[in-house]
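Two chains, two frames, some hints: make the complex.
The listed protein sequences correspond, in order, to chains A and B.
Once you know that position 82 of the first sequence is 82 in the UniProt record's numbering, the rest is easy, because the numbers rise by one and skip nothing.
Once you know that position 70 of the second sequence is 70 in the UniProt record's numbering, the rest is easy, because the numbers rise by one and skip nothing.
One thing to keep in mind: the hints can contain errors.
Stated by the list, open to error - Ranges of calculated distance between the beta carbons of each label pair, as one might list FRET restraints:
| id | chain 1 | residue 1 | chain 2 | residue 2 | range |
| --- | --- | --- | --- | --- | --- |
| 1 | B | His206 | A | Asp232 | 55 to 61 Å |
| 2 | B | Gln201 | A | His55 | 48 to 54 Å |
| 3 | A | Ile28 | B | Leu165 | 56 to 62 Å |
| 4 | A | Asp232 | B | Val27 | 32 to 38 Å |
| 5 | A | Arg63 | B | Pro286 | 32 to 38 Å |
| 6 | A | His55 | B | Pro286 | 32 to 38 Å |
| 7 | A | Val31 | B | Gln201 | 43 to 49 Å |
| 8 | A | Arg6 | B | Arg117 | 27 to 33 Å |
| 9 | B | Asp127 | A | Val137 | 36 to 42 Å |
| 10 | A | Leu169 | B | Tyr30 | 24 to 30 Å |
| 11 | A | Arg279 | B | Glu208 | 41 to 47 Å |
In case anyone wonders, no lab produced these hints; they're calculated from the structure.
In this text, a Cβ means the ideal position worked out from N, Cα and C, and glycines have one as well.
The primary structure of each chain is shown beneath.
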Amino acid sequence: MTTIQRVSPGRRFKDRLVQSLVYLSFAIAVVPLVSVLWMVIKNGLARFDLEFLTHSMRNIGARDAGGGAYHAIVGTLEQVLLASLISVPIGLLTAIYLVEYGQGGRLGRAISFFVDVMTGIPSVVSGLFILAFWILVLGMPFSGFAGALALSILMMPTVVRSAEEMLRLVPNDLREASYALGVPKWRTITKVVLPTAFAGIATGVMLAIARVAGETAPLLLTVFFTDSINTDPFNGPQMGLPLYVFDQAVRPTDTAVDRAWAGALTLILIVMLLNLAARLIGRWRSPARDR
Amino acid sequence: MATPVRTRDGGSALSRSASRRSRGEVVFRYASTGAGILLLAIMAAIAVFLIVEAIPALQANKGSFFTDLTWEPNSSQVFGIGALAFGTVISATLALIMAVPVAIGVALFISHYAPRRMAGVLGYVIDLLAAVPSIVYGLWGIAFLVPFMDGPSKFLNEYLGFIPLFGGDLIVGRSMLTASIVLAVMILPIIAAISREVFLQVPRMHEEAALALGATRWEVIKTAVLPFGRPGVISAAMLGLGRAMGETIAVALIFPATFGISLEILTPQGNSIAANIALGFGEATPIGRGALIASGLVLFVITLLVNTGARLIVARRKEFSGAAA
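Just chain B, same shape as in the assembly (with noise of 0.2 Å):
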């Protein structure tokens, strides 16, 4: 190296190299902090942005934003975000139901019951599902699953039919239903992966002290590992429920698009904010885009209601588990 070693008394010479090393210093300290800000700044600014572009369309708005159930900013200028919100919430909720229970037996695969030396191996094979770009899923999703997803929808129907959830006269693959089942796969290595985790820092004792008592290995889990884990897998949950709502690409090639709201999942109806942002973006006019901006404001903040909900359960979680991460 070629930094010499510097001595206490070095007199001038070392007030020099003194404040040489302290300008680096103070450079290298500004710049990280600066950074950092920046980050808080981005966040602000993308409210502030998303804000000021929406108001003029809102102005213009001459339904209400929050009530309405149709969206015509370019050629009547009536608009609400109601069917958008309504479908973006449903579908997400729907995919997180299909998601959660199959993401939970996963992590507990990889983290108890696969082999120890094919753990890593197919918790690779996992986290490949979120490597997929989600354009790639909606071509899966138009191509192979809507399709598919005609007769067991049908058969949904005729059987299960009196349910209003599978009610309706129109059964068609395009639905509701079929585009959670594809949010479903994409959120799913999301909770698995976190679920995981937590279930890995249960604290070996526990597990011990519960097979010591002679548990089964559900009872260990259903004893030992799930109460641990449980903080972890809601907020798991949580963020892929943030995660599916903000999905855009893959929903926006297999919803029909239609506005309404109806509970009939297996009908062709459905759509979300951010599917109807990319549909809608091509042939809107200033006041289309500042409704569409509008409503992308809207899905802002419902994702990071969400995603605070789930970080503010994982660091409360920190504080009293006493497991080192």
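One chain only, chain A, in its complex shape (with noise of 0.2 Å):
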């Protein structure tokens, strides 16, 4: 064998400047993040107290020390959960209706194609959408609802498809044999099929949670501002954790940009808990799924 020609110079320098220019890119991506994680823990962590997860905005004007975001807090689990209860059913159903059902059909691909669409759409205009439509059409006031049915809106093409992913890997003769024991379509989707495919689609769940709880824009337009503890979802403007921000954030006091700070601080928590928690869920029992 012949001794293998050395790159030459020009080459080999050139293959350098892109691997350093690929690595600089990498640490410039991760700068941000740092930052942004450093500024929230340094500045939330004033704040960030018992006073802050159990009291909430009544009667404190913005130069007022103390206050809290427990009414923020409350509203953001309620209306998160509310958009689950709505969205998560209706995406599940869409993706068994995508891999099940219309395989390959007109109405299938039209119906894959606008869930792919939806994903892009901008979270205000989901929250105009909702304005026109619940409160300036139907005449609906102001509520935590309202503002579920818009993240619900961003959260189903999410859902569709993380759970249409997950069922397209649910082997095929899985199917066949619950089909040759004489098992009717639906019970095997709902018998063998959803659960070999649940850790996954928990995952996807939790994601498209993680995601819409840190929305604010649809919140801002139809769940509207209040400084109290309103726990019914149904009556009354609510406030939600990314609202609350926003609504301290403006403020020009440094006791209100203080404790935006401490609701970012908390926002991130639990957007990161819930992150955990899919990843979690996702390694506990996901079927052939290693990456």
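Okay, here's the thing in structure tokens:
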């Protein structure tokens, strides 16, 4: 065997240059993440205390110290729960339709295409839609439920996409074995396909929840603001944690800005916990997925 | 399992169970089909209700909706989308210009440069960027980036001021450029994640063929990875563009919220459709609300076009690439 020719200096230089550019771009991408997390933790801890978590902003002016985000946390949890209750069944059934019934059909392709397009709907547009439809045309009041409707529009396509992907991972052998035993299709889906794909679907749902929990714009247009605790999502304005952060951030006093940072810290903790839970469920038992 | 085994010769018992069985089947089938149709209906309803609510305001408009640069639906009832659409497109485009090269680098780093064992973790780190809520980016933008950008902006103006983009007299941190940087950070993980998926799908044979010809790593990427991944990267960039144009609350906090058209991205000017909706909603009159809804309709149509374009590129690519997804 002859010796392999050495790479010429010019080519080697180019290779090294690109390599360092690629490393550099990763470093650039991590800088804002570190900076954001550092700022949130540093500034958020100033007011992240028990009072913040257990008190509302009732009777607390922008200049006053104290006050908290209890009303906003309650609002966010209720709105996100309602949004999940609306969007998970619809999203899951749509995914089942796409995978089990409408494969290759005209309707199936249309739905699949529009689910993709729906993923790109700006959050503020979903808020405007609920404002126009629910509040202006139907005459409903601003409420946590209206916010949940807007959030569910953002959640649905995400749920459909992840559930669809997971259902497709279920091996066809399982379905065929079930049919061979005389089990009807719908029982096969509910008893064989869904349990097999459960972990993956749960992961997708958790990620979708984490995404909408941080949405501000739809809440701004549908939930409105309040400084008081309102535990009834169907009646009267509520608060949401992202909305709370926005509300406090635009007030020009240090105490309000401190509250905004503490709110941001709370929000990030909630979102990160949801993300973590999603990853854990995914790792706990996922079918045929090693990534 | 309690379900008894059914035989084909079950007689009347079978026909009863068969009808019950098919009823369950029918219900389930209709429910799932109905859910899918409901999604289509929602998409249609979004367009319909936005149009219905926008019409009264558009009829009351004393200016021209498409060309006017002012936005005074509450007082003089003259409003036009011009300045807002301009700001939306410019800020999103700037964000794209900044984000795409970095995102491609990140995707290449994770797919081809990082040690295999670390790649998953590093990918997760980038995904965390996407998990940070936009309001937090907004807060970070006004508290950190706006003061921070003061220096670099003045520097750019002093040495590159002859380029109209960096021109202007009053140079501040709270500018179109700063908002675009925040947008770039926000769309980076989306573009990087999709590009990474595409780069990982490059047929192993293509890369090994290039390696066998003596190619360096860069040459492998140039000859095998990038040509294969180009449509995917383009559609990822378009999805990022759509996301950047629709982003609301982060830019609402940073934009100086002016109404005008100027290419000087370092001066205190800039606004976007979404930011204007978030900021103007609170004190809007019924006409004002209708005007904001009309602007939202424009945003909806623009993002719809961009996203549809991106999806069409992906769909076309699936047909000829032959790579198993």
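Verification of the supplied hints:
Checking the proposed 55 to 61 Å range against B:His206 and A:Asp232 shows it holds: the Cβ atoms sit about 60 Å from each other. About 52 Å separates the C-beta atoms of B:Gln201 and A:His55, a value consistent with the hinted range of 48 to 54 Å. Between A:Ile28 and B:Leu165 the C-beta distance comes to about 21 Å, which lies outside the given range of 56 to 62 Å. One distance hint, 32 to 38 Å for the beta-carbon pair A:Asp232 and B:Val27, holds here, with the actual separation near 33 Å.
At about 33 Å, the CB distance of A:Arg63 to B:Pro286 agrees with the hint of 32 to 38 Å. Remark: the range hint 32 to 38 Å for A:His55 to B:Pro286 is upheld by a beta-carbon distance near 36 Å. A beta carbon spacing of about 29 Å between A:Val31 and B:Gln201 contradicts the range 43 to 49 Å that was offered as a hint. Roughly 30 Å separates the CB atoms of A:Arg6 and B:Arg117, a value that falls within the hinted 27 to 33 Å.
A beta carbon spacing of about 38 Å between B:Asp127 and A:Val137 agrees with the range 36 to 42 Å that was offered as a hint. In this structure the hint that A:Leu169 and B:Tyr30 lie 24 to 30 Å apart at CB holds, the actual value being about 26 Å. Taking 41 to 47 Å as the suggested C-beta distance range, the pair A:Arg279 and B:Glu208 does not conform, at roughly 33 Å.
Going down the numbered hints, you'll see the structure goes against 3, 7, 11, while the others check out.
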